[in-house]
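If you follow the hints, you should be able to join the two separate chains into one complex; please do so.
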Amino acid sequence: MSQANRDRSFQRSLAYLAGMAVLLLPISYLGQPAVKSSTMRADEKSAIGVLAQLREQHELSAASIGDIDPAGATMQMVLLGGNGFAINKLWNNLMEAQKTEDWDTVRLTAEQLTKLQPHFYKVWDYLAHNQSYNMSVEFDDYRARYKMVISGFNYYKQGINVNKNEPRLPKQLGWYIGHKIGRADERRFYRKLFQNDWMKLYNHEEDNRDRTYENRDNWLVAKEKYDYAYRIADEQDLKGVKLKTTPSLFYKEYWQSQVNYAEALVASGQDYLNEEHASAEQKAKENGITDNAERNAYVAEQVRKRLDSWGEQTHAAWMLADKDISDFAMNRKFPTVNKWLVAIGQQEQLEQAKQQALKELDQLVPGGAGSIFKKLDTAAQAADPGVAELLQKPYEARSPLDNERIAAYEDATKVTWQMLADSVPDEQRTKAKQLANELRTYDEQTREIQLLRDPLNYNYWRTLIDAEKTTANLKAHEGLILAKYYSSRGRMLEAAKAYEEAFCHWREVLNDYPLLRRDSITADELYEYVKEYKKIIARDLPEDFPLSDVVLIMEQNVSAEAAPFPPKCGEKQPAKEAAKPMTENKESSPTTAPAAEDEAKKK
Amino acid sequence: MVYQYDIPELGQWIGNLSAGPAYYVFALLMTLVVLGLIGFIIALVRHGPAQAGEMTYKLFAGTFFDLVSLSPRRVWSVTRLVMLDAWRKRFWVVLVIYVIMLLFAGQYLAPNSQSPTKNSISFLLSFCTRYLVLIVVLFMSVFSIPTDFKTKTIFTITTKPLRIAEYVLGRILGFMLLATAAIVIMGLGGYLFLNRTLQHTHELDEALQKSINRYLVTQELNQLYVASQQGELKPDQVQRQTALVKQQSELKITPDDIKNFSPQQLPTGETTIDSGHSHRVTIDPNAEENFTEFEFGHQHRIVTQTNSDGNKRFVIQEPEELLRARVQHVGTLRFKDINGKDSDKGVNVGKEWRHRSYITGNSLSEAIWTFEDITRDRYPDGLFIERTLRVFRTEQGIIDQPLEGEMILRNPANKVSSKPFPFKCKDSTIDSQFIPLTGLFKRDAKGQDEPVEDFFATFVNEEHQLQVIIRCNAPRQYFGMAPRDLYLRQDDVSFAWNYIKGLICIWLQTLLVCSCGVLFSTTVSSPIALLATVGFLIMGMYSQFNEEVFTATLDQPQGTRVKNYVGGGPLESFYRIVTQKGAIENLDKEPLVKVLKLIDVPLLHFNRGVNKGIPNFDEYNTLTIVGQGFDIPNSLLIVLIFKACYFALIAFLIGIGLMRLREVAK
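Protein chains in written order, with this note's numbering: chain A, 1 to 603; chain B, 1 to 666.
So that you can see chain B by itself, here it is in the shape it has in the complex (with noise of 0.2 Å):
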């Protein structure tokens, strides 16, 4: 799976009124407002106005008073309550569980993985630290306030010299140095278990180790059979010629095959079996060091070791690129089609999934990419591109062979192209080409040649912008491609920070379900405190879906029918259900359907109105990318952490307003 969401640039972010931090105080004064109104108008009915206005005082002030007065010595005091009666209740099991998951990790981690990286951090992340952390966190914050309240310590609590503010910022606080420890330890065990588990090394199987023999044998006859041929071979010569007749026997060199030696015929196999897998390999014996094919979403050096016997031997290393942290310099996407028109999106080739656009082979379609900030100091070498194209036949073509494609660099301003890069589409795996600065040519109209001198004067704009193009060279054949599927690959970060920030990103969701827990627990009891804060879960965890279904229902403009969700609103959708009738069957016709429709309308508002109010926890899922081997862009990672702070205060605060309303803390 892919992060489907978009990765802010960091100052557009800042800068963006409807999305950025100013959205968000804004989103947060007006919050207050309304809760305060609400509140009013509930006290005016109950009490009259003039209480009710002295009652709203009173809870804003109050509040307000609370928090400036905020003392840590007192939160801390509750804190550390908060984790002995947490470790009291054997808050310690959850890491023993976690420790019996990792034992038996290996029972649900499917062998021959294409990319086993991501399933160990799927699992390890997603599935253990994550759902054992959230759980725990999720029932000692709903039960805990309420418990209080049941145990009567509430009373205690209250006697002493503590504010609410404080009681309910220690609980908030308390929990989280919990999960934070819980997930830091368990983070520790699975970075262990990580590089315990995916280290491996493979051989040449023995196939291949025949061939690079029978090539090495070859290619030294060779040279002594040219050397024959310019005249008598030195004793020594005649000696090595002597020694090699039996491995020429054995290997059945012929001599035409010593004749006809080309050194560009590279011994070609496979290595052993090894973690559930094995690699391609093209090994050139007299190379220093040679590299499997990437697969599995990894490949590996091979060293070249001379033996005192003067024998070569291929020793296969660890893996690289199996825990790595790839940075991105994405582009933007726009398409041709196959008329040369320009267009946002691709062919659809008819699945499903609508993440990828394709473009038509032999044709004029085309798709480019546009990247911003090509410089000369960011890319002193040149550029290192990788991409991950799908291929879609619609006819069988040569099926052991790939398709063909090209790939262009243009600068976007007077459009000057470089020479094609041909290349052999590997569907769905990560291709990379270094294109250096030098040596290279553009082509004209005519289709002319010329050598470019200077690089970034030829393809990169004024504006430091760079166009990469790709086009498919095989008639009746796509290719397909999403924006991130082609980038300017950068220097590595730490796999370590990266898997840190992934870290990061499930300890900011405890943040929100603990938050959530908390707020609810203040002012309802503990199993339906439970239940709001798994609908709050839930809601959150389908935010782009709740948002896709309005879009699609009622706010789909008319002509651009993009229905990703068909069926209508709640009622229609429940009408079809249980009518077994089709979510694209046309029902307005139906007198009852037309009913339902007018009722979802203001439902599916509500909808949207309280999924507006809600985190979209989904978003947090970061691990695909650290899985996938990219880096968390810091971005990112600094916007989601200033949401969920947003939405803890938010929560925080009314919590403590819902606290201050209950009898006990009056």
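Next up, chain A with everything else stripped away, as it sits in the complex (with noise of 0.2 Å):
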């Protein structure tokens, strides 16, 4: 190299240096430590440290997030830059380890992801839900399967303890403790496994030390981890920093999960009372009762106590869940389209306030809002004479060009609320305009809290409550888990018995509640019963049956609306013809041409 070009490249090496050495100061002034000394209030600020407090303003430095992990901490530094190259090789071992079945290369391999990718949540998302789900069905034995769920509900404890912001990660472990535990087809074991805390791999007391044997049901756990959740979104939303999922989906949680928890109770009450059974003989036999008609006394006794104090627990659960699904309705607020914060349980009282406001516009209107209805249908009807036999045609037998001029009649004659407030007298026409708008806004306010409704299946929900905290239906419940218990032990006449009286209750709630004879899920267990009852009593069922809707709506494939009410045992009244359609489900009328139409029909 000639001296020259040695000069040029010492040149240019003094230039480097020199540049760095600029560059060094503005990220030495900007990356240092935001210093507080002692006299400092706690809100003022550090003169120094920008980097560091904007960090700390808007909680992205480690340690706010959540517990600074050193391993991966020092596992990010060691890599520099190349973390990308290394999550994205981690993450094709850890599908090949899950190809090739190498469980415990997946476990690790998800370990140090864990560790490069502590604050995504979709990491810890789908590494729990991996190897809940997808991992745990590849084993034989349920215990081996039950550990590998837990093992994926831990994913979700380490992603709560660095991620102490992020609400998601608490209610989706919420969900799968609910979910996983409790719906898997080896629920009957996993929720046992679960509440005895098996070989303490979820730990109930690191988890929760206050929490009692009977609260580690795996429903009642999901319910707090909910709370937990609601906490922290609840912080984070004061903070301005918003939910990242559907708010009334992820809010549903809590109640839905206190009414599995009693559904849960009622489907165990069987196990309940064999297991008190079992327990019952084995007492008498530790007391010496040898008799055998004091033996079966004392443990019918037992039993009937048993039967006594699961009534009282589920009938608690039930309230409970009352309270619950009351406290989300009325006082958990949801932002519309439309921008108001609308309570889902308030659909009623709009109902009301906007019959009330309905009934004032219709006494201003001269001649009531039916007269405009008449105006303009007798301007459509001539318009188009053959319309009104058009009406009357049945809807199958329509052809679309009826359909087409239908439509049309229908648009000729819609009555919206401005209209009706145009007609009234110029005098009193504020009035009618204002009662317009709150009509308008009565309406748009019900349509959207309805669009809320719908996803949560919240008036079914609702029903359902409202029918399961009610006496008849506890001893319905309580009549079939008898009967059950009589017939496993061939007390076929008791059993018989104990339907009967079960179907009675079944009768007079599915008559107070009708939404609930539409449920699928309700007619399908009820059918099983019946037919349980019909191999008992070895003969078709009687013409008085309380539960014939049942038995027509299952075998003969009538609808639920179609089929006719039975009266109640003991009653002999009509029975109804059909099920009333329920109020809540009733649709709402289009934005801007509201319920005016039907509201001036009727009229």
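Among the clues, some could well be false.
Unchecked claim - Listed next, the in silico EDC-like pairs over lysine to aspartate or glutamate satisfying Cα-Cα at most 16 Å (straight line):
no., chain 1, residue 1, chain 2, residue 2
1, B, Lys252, A, Glu532
2, B, Lys160, B, Asp66
3, B, Lys246, A, Glu286
4, A, Lys484, A, Asp540
5, B, Lys426, A, Asp141
To be verified - Listed next, the stretches of chain B that the computed footprint assigns to chain A, with coverage defined by at least 3 CB atoms under 8 Å from CB atoms of chain A:
no., segment
6, 318 to 325
7, 348 to 361
8, 395 to 408
9, 523 to 531
For the record, the hints were derived by calculation from the structure and aren't laboratory data. Glycine residues also receive a C-beta, built at the ideal position from the N, C-alpha and C atoms.
Laid out in structure tokens, this is it:
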């Protein structure tokens, strides 16, 4: 290298060094830690450490997001900029190991991934789901499967520790605890293993040392997790951080979990009685009761007591579900498309207010709201003389052209609130317009509440809870449990009697809450019991069989709406023709052409 | 992960002309001839025929002369120099890093692991030792010779009475000695770590302890009850009965329990959780020793001790089978389908991984292993059969009950079968069954059982073959198996020796990297040599993949389309990626794809050609075998040593040739 070249190279090196030094100054200034002296106020900002302050302010530093994992932090530092490559390679390894059923490598790789991507919600979510749902089913022994399920939960637990401001993690943990333990095919075993904390895999003590044995039920633990998630979400909401999921679905899980708990209690009633029976027989032996009659009486008494305590527990669970769903419906407000904050339970109040406003407007319209419709109707019929006849035609018999004519007729006779207000005399028109505006708002709000309710199937759950907390429903369940208990021990006469009593109670419930009859699951379950009953009595069902409508629906495929309601047991009044439609399900009118038309037609 | 390559029989491999030593010798000669030819053609173009001939002759003759004149003393002096230089460049840092990794090992090993040995070995040897050593040797080997050129040291060296071959060999030996030292130290550290961390014990949990006490007290009371029924109790028996009353009431033992006591209803429960797991146990309180269930890759012996006051204590010992090297006698596997027809494969239950095939339950379907060399000398007491089957359920069945199956021994010649040995399938867990040579029955076609007088005469044919058949008895359910999932277990070899064999395989990989690094560094600069060696490594790691892509794309016989890799050759795949078209989407009608497919053909052939010349790195990853507790067969080790030495020799020879072509070495 020539001297001139060497000089130029040296000069370039010097220039680079100088550039680096210049860049270092602002980096050093910006990157300094925020130092606070003891004399500074809590809200007073440090003069230095701009980046550190910004991180703290926006809660972006690892310490403010959650616990710092030294191993993970070290790995990330050691990899310098190679995180992306390493993460990609690890994900590939994980997929390959899973394909080749190398479960330990999957878990090891997953551990490493969580250390490299600790603040990535989807990583925790995916790994937990993968382990609890995909990997667990690869094992034949349900205990091995359970271990894998809980290992999946533990990812969420770890994730929560390092992401304390992320409400979706505890919510998902709750959902998994509830649904994977409580809904899997192996739920009978899983629920017991979970409650007993088999092998301390979940470790209730570490999770919440105040949790009692009863509260270790998976649905109740899930509720705890939802509660925790809601607290985080509410705190974040106050800071202006929006929830990254659908709020109504996010917040419904709490009461839904209570409902699931109550349903699980109902489903476990049979097991409880069997366990009590075995335990009572053992106790009878221990107490030296050798006489058969005496022992049977003792066992029967113990079983009865257990059934009563089960009833109390179940009733309390449904009452709490009622409280939870009411709290949710009335106190939790959700933003709508129109930027209103509405509570799901406001629907009924709004309906009442709407009726009141409609009544007032109707009084202001000369001749009532119906007169406006009549005018439009006359005009429409004059324009298309045959339409009145067409309207009488059954829907199935209408041609496409008929439908077009009817649609045109309906458009022409549509009465809007505005039309009603415009028809009011001048002196009262201001008030009428105000009422019309109110009515429009009510319509929009009820429609949006309905939009919130539908994905939650709120109307169904509300009705179910209302029904389940009644004494009749409790008696109905008790009757079925007793019937199964008797039939499994060959006491067929007692079983038949218990079934008959249970069916009578079910009749009462179905008549009072017709929506339940429309629910296919309820109908299916009841029909199974009816079949059992038929086997026991070994003859056809009597004519006045209380659940004849359920049989009709299930055997002859009659729709729930069309099936007549039989009378309650002991009553002789004629059966209702068909199920009355649920008001909750009734659709509101379109946004701009609200229910005025229907109302006007009624007038 | 299982070791996915065929493990050859040494004798067969030696005699195999297409994959044995003869093939490699031929390949070596051909490589030298082809390279010589290429060199000659290049020289011909540049210098004319006379000079090209002379240059080629000189190159080969010089190399040959170098090789025959190798002086161990001069080689050692280069080796020593390389080692000193490496030490000066802080080679020892790699050992410090290893120690740090060991200290933090706990952070990376998942607790509650199903097979802790495999995890630990995978981390210690595969992750720490292998990668550390490979990376260090890779960098040292590719930077060493170019640095000599850069610092002009090479001119000093070439003025010494040192031959090129000695210089190149000295380099390789130097790096390999350092790598050997590192592997030995790391291997020793890893072995101590394994022994320290995997050792643990448990205690019986409280509930189980209570059940055992209950069993023992009930048993004693039952004996006293039986004695009282036969006559009046002796005073000491009465005294004992009185002494047991308190315990009887505490343990809530009823008179019915005493009367109906059954010694077969043994207490069952769990051990305490230690080292992240517990074991299921069934204790026979009257036995001198019991065993826990074989879970998490091991089991524990439980020794019964009697205290001075006569009470029994059950002490769980250190784990057994945790650090084992089982020797497998493997057979060949064939299947019968549901109609009883012979087949290579069983049912595909839809798993992406086709390692295992499945047999259908409650049908004529069965898996048949044929074992060779079954002799009295080899199995004087009986057969110790171990099986690891998978279960696939098409319906829940009884969730808390394992599926049932049966195992049958059969003479391959006359089809005489044993009375079935029923078993409950332990999914994915090694299930052992000892078949004694006496007390067995054979079953005829009518289902009649007859006692077997001579095991070998009945079930083993004249060619010393025996068949073991597995059937699934559960309707609509399946058992899955691969050839090595059922084997005859022989006496274990020492785990330490097996561990050393694993380390040898790491050493062989290091040898490949080192030779390759030195080869490239003799002719190109360090960064290029680094890239070339890394490329070589990557090709070697995906050698099997490359071969399968070639077979799946070009060499797939019609009608047997078992495509593991769909999506075509490199260009077609690239086209699918950028146009976001699925791998199985038929693009034959697109003109561009037709063109790309045509270009893919030579590319794939080129890729395969290169692939053939590169050792399969993945084949050396025998640590999975060690981790799973199996012996690395000696035949496999010998074959791997041969292959690695062969590639190292080729790299060495080409390295000498290339070095000789450089100006400085002429």
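Quiz item: Quick check: which numbered hints come out false for this structure?
Solution: 1, 4, 6 and 9
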